[in-house]
Amino acid sequence: MTHTPVKETLRIALVGDYNHDVPAHQAIPLAIDDAAAVLDVTADYDWLATSEIRSAEDLVGYDAIWLVPASPYKNAQGAFLAAQHARENAIPFLGTCGGFQHAIIEYARHVMGVADAAHQETDSEGQMVIVPLSCSLIDNSSEIELRANTLIARAYGREKITEVYRCSYGIAADFAAELEKSDLRVTGWDEEGEIRAVELANHPFFVATLFQHERNALAGRPVPLVQAMLRAARD
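Here UniProt numbering is used: the first residue of the sequence shown is 1, the next is one more, and so on.
Be a bit skeptical, because a hint or two may be false.
In silico EDC-like cross-links for lysine to aspartate or glutamate, where the CA-CA straight-line distance does not exceed 16 Å [unchecked claim]: (1) K160 x E194; (2) K160 x E145; (3) K74 x D123; (4) K160 x D190; (5) K160 x E143; (6) K7 x D44; (7) K7 x D40; (8) K160 x E192; (9) K7 x D63.
These are calculated hints, taken from the structure and not from any lab test.
Generate coordinates for the entire structure from the input sequences, incorporating the hints supplied.
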C-alpha cells in the first residue's frame, strides 16, 4: 500500500478584490501564517482579483481556494468559478461572508437546478436565494451553534462559538428549506435559527461561513478553520 507524501509547501488562492481597508483582508495573511506555523508547513498565497479569473485554468495548481469577503465582487463570475472549481475537483475550499453567499448561489445554479439563482444586492431578476438580513450584522458578534461531528465542529473542538460578522445579506427563508434537502449541509445556526455555516458532504473540505472567523487573527487568536483548510490541503 502506497502513501501519498504530505505536502510541505502549499499554494493558496485568495479569490477576491483586495482592499487594505477591509479588516478581513488585513487578517487573512496573519491567519494563514499562524496556521502554517502550527502545522509546520510553508503556505504561499496569491491574491487573485475576480476580474483575473476567466476560466478554471486560472485556478490550476492551487492546493486550496479561499473565496474572501468584501462583495459585491468586481466580477461575480470569477467568484462562482472559484467555488465551482474547488467543489468539482475536491480542492479544499473556504468561503467567508461574500464567499459564503456566492458559494451558495453557485451550488444552487449547478447542483440544485436553480438556474436563475440570484443575489439581491446585485441582481434585479431571478430567484433571490441571497436576500437582505432582517437585521444587518456590521461588526456584530453572536453565538453560533454547530452541528456535531462536522468539519467545522471538529475544527473548533466544540459546538458553540462566538464570532463576528460584517454582513447585510444571508440565505432566503424559502431557499433555506430547499437547502436542507441537499448535500450542502447546514452546519451552523445563530440564536434565531438562521443559517450561518454550511459544508459539502463527500468533499475533503468545503466549508463556508457568513461570519468572518479570520478576524480573530487581528487579535492574535488562532483561526481553527484556516488550520483545518491547510491540514486538508497538506494531507
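We went through each hint and held it up to the structure:
1. K160 x E194: Holds. K160 to E194 sits at ~15 Å (cutoff 16 Å).
2. K160 x E145: 5 Å, holds
3. K74 x D123: Holds: K74 and D123 sit about 14 Å apart, inside 16 Å.
4. K160 x D190: 10 Å, holds
5. K160 x E143: 7 Å, holds
6. K7 x D44: 12 Å, holds
7. K7 x D40: Status holds; Cα separation ~10 Å.
8. K160 x E192: With a Cα-Cα distance of about 14 Å, the restraint between K160 and E192 holds, given a limit of 16 Å.
9. K7 x D63: 9 Å, holds
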